[in-house]
Structures are given as structure tokens and as C-alpha cells.
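Chemist: Full structure from sequences and hints, please.
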Amino acid sequence: MPVQIASSVVLHLSTLPVIFCIFPLQTGNFFGEVEGAVMNKLLTMGSFKRITLYDYQAMCRTNKESSDSAHSLLDPYNAFFAAVKWIMTELVLFLVEFNLCSWWHSDLTAKAQRLKQTLEPCDTEYPAFVSERTIKETTGSIACDDCFKSFVIQQIPSSNLFMVVVDNECFCDSVPPITMAPIEIRYNESLKCERLKSQKIRRRPESCHGFHPEENARECGGVPGLSAKPPFVLLPLLLTIFSR
Numbered sequence: 001m002p003v004q005i006a007s008s009v010v011l012h013l014s015t016l017p018v019i020f021c022i023f024p025l026q027t028g029n030f031f032g033e034v035e036g037a038v039m040n041k042l043l044t045m046g047s048f049k050r051i052t053l054y055d056y057q058a059m060c061r062t063n064k065e066s067s068d069s070a071h072s073l074l075d076p077y078n079a080f081f082a083a084v085k086w087i088m089t090e091l092v093l094f095l096v097e098f099n100l101c102s103w104w105h106s107d108l109t110a111k112a113q114r115l116k117q118t119l120e121p122c123d124t125e126y127p128a129f130v131s132e133r134t135i136k137e138t139t140g141s142i143a144c145d146d147c148f149k150s151f152v153i154q155q156i157p158s159s160n161l162f163m164v165v166v167d168n169e170c171f172c173d174s175v176p177p178i179t180m181a182p183i184e185i186r187y188n189e190s191l192k193c194e195r196l197k198s199q200k201i202r203r204r205p206e207s208c209h210g211f212h213p214e215e216n217a218r219e220c221g222g223v224p225g226l227s228a229k230p231p232f233v234l235l236p237l238l239l240t241i242f243s244r
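The opening position of the sequence shown corresponds to residue 1 in this note's numbering, with each subsequent residue numbered one higher.
Read the hints as simulated data drawn from the structure, not as lab findings. Keep in mind the model is a prediction, meaning the values are calculated, not measured. Be careful, since some hints might not be right.
Here are the computed lysine to any residue pairs in the SDA-like style, where the Cα-Cα straight-line distance is at most 25 Å [said to hold, decoys possible]: (1) Lys41 <-> Gln154; (2) Lys49 <-> Met180; (3) Lys41 <-> Gly140; (4) Lys136 <-> Asn168; (5) Lys136 <-> Phe148.
Modeler: Here is the structure:
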């Protein structure tokens with residue numbers, strides 16, 4: 001009877017990264033990227049709820065386009081002047097390069113310029129997953145192409161961790177992984193001005209509150225009320241007089 005192998009992983013509640021796994025290369029990755037089918041099943045069963053978060057201070061990579069102008073319209077006159085210009089250019093280059101220096105510096109090719117990528121402010125959205133704390137333990141199975149993938153998820157007491165045991169013999173390659181990669185939000189060009197107007201400047205508070213009634217604040221210490229006692233002041237004076 002063959003022994004069925006199962007992979008055990010431990011998930012953190014905040015972002016569901018794999019903390020411990022029998023495959024070291026999968027440790028630290030998002031659980032949805034490692035087991036997309038199981039994560040999708042947990043969302044369907046209600047063990048986790050997917051929410052969308054927005055990042056209004058993100059930086060996106062954009063390809064800087066070339067600023068070269070377009071070619072002028074071709075006509076017979078332009079073709080004639082272009083031919084004359086090419087002949088004169090080749091003649092001048094021939095006279096310039098006909099020297100001893102060109103014997104050692106014959107490489108006149110230019111390197112291809114890479115497309116520059118710059119970072120620009122943008123808005124992005126990315127998914128997050130919230131667990132249902134009422135569910136302590138859940139089991140399930142997934143119908144894959146030619147097998148059934150079973151799993152068990154259990155909440156670890158006194159922690160925000162989950163232990164997930166997944167069948168390692170069945171692979172659900174048909175189910176795409178679930179990633180947390182941010183997606184850039186593309187706004188309509190006509191709505192950019194309206195969006196900037198909606199972002200109002202933060203208003204300052206109308207009054208200042210130095211304390212709260214429920215804090216039960218009271219003055220402590222007593223540094224301003226320090227005073228010297230008369231015996232301690234007269235004692236050094238008497239010692240000075242009698243020492244003479």
C-alpha cells in the first residue's frame with residue numbers, strides 16, 4: 001500500500017505567507033502562489049474573505065518614449081537634396097577618416113540605447129485576505145484533472161497562525177495561482193482634474209484638547225514647591241563660626 005505524502009505549511013494571518021514548509025523554496029511566498037487551488041477553495045468555502053486595498057502613494061514604472069521628431073513628407077525635391085546631402089557627407093567622412101588615426105580607431109559603431117524606465121507616482125490596488133475567526137478547523141477536497149486534492153486547515157490556539165496540510169500527490173495546474181501583485185489604476189483622462197479637486201487639503205482642528213475627561217489627569221511631582229528647612233541652613237553657619 002503506497003504511503004500518501006502531504007505537505008504541511010503554516011500561514012500567518014496578516015498576509016498569509018508560508019512560514020514553514022517541507023519545500024524550502026516555497027517558504028516566504030504567498031500561499032495563493034504556492035497552492036492557488038486550495039486558496040481559491042478556501043475563499044469559496046468562506047474561510048477567508050477577499051478585500052481590495054488601495055495605495056495612493058505607489059510608484060509605477062513607465063517607459064520613457066523617444067522625443068525624436070517624425071520624418072518629413074517625401075517629395076522629389078527632398079529625395080534629390082537627400083541624395084546630394086548623402087554624397088557630400090560620405091565625401092567629407094572619407095577625407096576626415098583618411099588618416100593614420102583611423103587605423104587604430106576603426107570602430108565607429110554606436111551602442112544601442114536601452115529603453116529608459118522611470119518611476120512615476122500612481123495609484124494601485126492589491127488584494128488582501130481576512131480570515132473568519134469563528135472557523136477553527138475546516139477540511140475539503142478539490143476535483144482536479146485526474147485526481148482529488150484534499151486539505152485540512154486548523155487554527156493554532158493562542159496565535160494568529162493557521163496550519164494547512166495539503167495533499168502533495170495531486171497537482172491542480174489548471175487553476176491559476178492567486179497573487180498579491182499590485183495593479184495600476186488607469187484613470188480616464190477627462191476625470192483627472194475632477195480627481196485632483198476631490199482630494200481636499202486636510203483641515204486643522206478647530207480647538208486644542210490638552211487632556212481628556214476620562215484620563216483622570218492630576219499634577220504630580222512638586223519641584224516648584226521645594227524649600228530649605230531652617231535647621232539645615234543654620235547648621236553649616238554654626239559649624240563655620242565654632243571652627244574658628
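Chemist: Is the straight-line distance between the alpha-carbon of Lys41 and that of Gly140 25 Å or less?
Modeler: Holds, because 8 Å separates the two Cα atoms, which is no more than 25 Å.
Chemist: Would the hint linking Lys136 and Phe148 be met if the CA-CA limit is 25 Å?
Modeler: Distance of about 23 Å is within 25 Å: holds.
Chemist: Can the restraint linking Lys49 and Met180 be considered satisfied, given a maximum Cα separation of 25 Å?
Modeler: holds, 14 Å
Chemist: Under the criterion that the straight-line Cα-Cα distance not exceed 25 Å, is the pair Lys41, Gln154 satisfied?
Modeler: holds, 15 Å
Chemist: Lys136 and Asn168 were given as a pair; does the straight-line alpha-carbon distance stay at or below 25 Å?
Modeler: holds, 23 Å
The structure shown violates none of the earlier numbered hints.
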